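The whole structure should be built from the sequences, with the hints applied where relevant.
Number of protein chains: 2
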Amino acid sequence: MKAEIVTIGRELLDGGRVDTNTSHLGARLAALGADVTRATTVPDDPKAIEEVLLRALGDADVVITTGGLGPTSDDRTKHVVARVLGRSLVLDDDTLERIAAHFEELGRPMPEINVAQAMIPEGARAIENTIGTAPGLLMEQDRTLFFVLPGVPAEMKRMVESYVVPFLEGRGLRRLTEERILRTTGVPESAIAEEIEGLTRKLARTEIAYTASATGVDVRVICRGDTPAEARRTADDAAERIGEKLGNAVYATGEEPIEQVVGYLLQMGKKTVAVAESCTGGRLGWRLTRIPGSSEYFVGGVIAYSDDLKKRLLGVRVKTLKDHGAVSEEAALEMAEGVRDKAHSDYGVAITGIAGPGGGDDEKPLGLVFVAVSWDRGERVERFRFSGGRDTVREMAAQAALDMLRRALL
Amino acid sequence: MKAEIVTIGRELLDGGRVDTNTSHLGARLAALGADVTRATTVPDDPKAIEEVLLRALGDADVVITTGGLGPTSDDRTKHVVARVLGRSLVLDDDTLERIAAHFEELGRPMPEINVAQAMIPEGARAIENTIGTAPGLLMEQDRTLFFVLPGVPAEMKRMVESYVVPFLEGRGLRRLTEERILRTTGVPESAIAEEIEGLTRKLARTEIAYTASATGVDVRVICRGDTPAEARRTADDAAERIGEKLGNAVYATGEEPIEQVVGYLLQMGKKTVAVAESCTGGRLGWRLTRIPGSSEYFVGGVIAYSDDLKKRLLGVRVKTLKDHGAVSEEAALEMAEGVRDKAHSDYGVAITGIAGPGGGDDEKPLGLVFVAVSWDRGERVERFRFSGGRDTVREMAAQAALDMLRRALL
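Protein sequence lines, in the order shown, are assigned to chains C and D. Under the numbering used here, the first sequence has 238 at position 238, and the numbering climbs by one with no breaks. Under the numbering used here, the second sequence has 303 at position 303, and the numbering climbs by one with no breaks.
Hints are computed from structural coordinates only; laboratory data are not their basis. Wrong hints could be hidden among the right ones.
Intra- or inter-copy, both count: the list cannot distinguish identical chains.
[Unchecked claim] In silico EDC-like pairs for lysine to aspartate or glutamate, Cα to Cα no more than 20 Å straight-line: (1) Lys270 - Asp93; (2) Lys271 - Glu50; (3) Lys311 - Asp341; (4) Lys245 - Asp218; (5) Lys2 - Glu51; (6) Lys271 - Asp307; (7) Lys322 - Asp308; (8) Lys2 - Asp45; (9) Lys2 - Asp14.
Note that the coordinates shown come from a computational prediction; the quantities given were computed from them, not determined experimentally.
The following block contains the structure:
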């Protein structure tokens, strides 16, 4: 099954907007086992649209377009589609009713211009738009399936899930690849690859891909099967075996961020945490509180950006700052203990470091970060040396702190 | 001048990665007055690449490809380009030297596979890659300029700025459009449009575009001229007049984020600030500390997520919490005063609100946020009602706090 994607809009070509529709549609089609052979972007220009559609219709089994369905005069996709397929436009009563109801709900009269949106090519099926007014369209011609969808990503995605994917599944397209994601942090990509290389070479119909970012390496395990059930089994088995090999380095299987995993662990243990942040300036707190319900276990903390606040709000000793400096193992530990004490929390996590761009020297270079975790029965402190820009160093520091807290909780 | 963009890579078609190269190249080409007529994405498949290149060469004055230049066997662009243009590959000594030097710098032996990267089509110019190993290429054939660039966005961008744009300018392409950005926050798009509509209708050769996001509305002023100087003058004049009309709502002209503007104002006035954050969990602190050198004016603050910390670390009164609740004008003011007092800063900024998804009721609905600013000669508090998901509400709250601080500093 060959598929082509056509995205329409001047703004996608002059830098006004990044085209994310192609990637979304590509992922959904690939998951159904379709082979996406090409994606083309053209402006809202009838000739350009016509040319690309004629070519795609001759070549692909499925063509999906997005964009150019709005009520303004720029939006020409529907007329071009009708012409290319040799069909006239006819009024679709259901669609007109829906658009009228939409305006009634908004309490506004329906502008004349929106009536044109209810005109669809003869023989086309209108795909309901539950968010906006422009319906999508499905046509079949010479064994090619032709989906015409709106360009607004939310509207397009809704139609893909509610109509396009079920329709293609009904035509026998099945999910013959399955993906599992093992998320790791704190271990370099090369070390992970080395660790699992022997195993993955032995796994049949399994491909491994690595996605490295500032916050860690995601190991994507992609498996094929002759049936959907077989693909799922292969993927479950491969993910389990790779996960065992990587052990504690894996903080989640799936899309969960590490702050969610930490949240589970804190809730399970009925523990609370407070943070003391210097160079990260609040990033750790922000991340922990991204999880709904985090008030169950996160009490707050101190952003101790200045040395003065480290002393006054966290109780870091003058002597510590004088002898070792604010970026030191000793200061990190006192910050973690201090915030745990002030906030009456079970765990205290502290970050202090040199994020740059200025401030580093030979002894304490740029990117040097200390993270400490303190709790009633122990404490840990680690030294990191991160590289990248200011925000990258700070993001890596917050990630390392979340991982140290996770390991302390395990 | 017609331009086409071709991006190459399977991962761009199966949802593995969003293609941001097209948008970046499109913006740079459009700024030079080129008309980007089409962008196509194909997999790393020689036949697919060949087909799209042959078509583009017949149609466009400038063709730019990205992707498929790495050393692994997937990466086939160069071979296809050579074949399409009827050229053989020859060793480029300069490039080989550069690649060897790159590996020497890394302290690693150069793998044999990287030697292939120094082979370029006969008559092509190699474009130096200052970040990675694969060089870019420039060829001319039948009056078409043909740039072959790496797919890694950072490498591609570097070559565009250092080579492609200067080269095209040397060929007489000139920047005949100029853009100015007026950044606003806290005023709805419709209100801004209404305010400046009368004026902008009178401005010749000027187009206005609005980009609305959770943090505000950017007004893009796009002006044309018959010469680059005229375009610049028109843009400067239009931006100034629109800026006057919008007054204080504009916090920056250009790309500056509001935290940078706030930083300037604090530094100019030799003032310091501390933050007290409840629902934002550290976002305001993170944003203020994104600016290098922010330690000059940002001392830190308290993440007072729990009521207990609001009382103990900020001195919010029990009675206030009991009578008005933690999400109230009164609590916000006491938090701002409290943090200013504890941190010995000139300004204190506080945020308290209901970010959701749970926790709202009729009296205090989801998205309700209070922001307070306190300083030696005054205090202000405002009530906001934001909508969107949890993170959106929190980002809008941090943005509103930065804007209130800016206005207090003006």
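Of the hints given before, which are not true for this structure?
Going through the list in order, the structure violates hints 1, 2 and respects the others.
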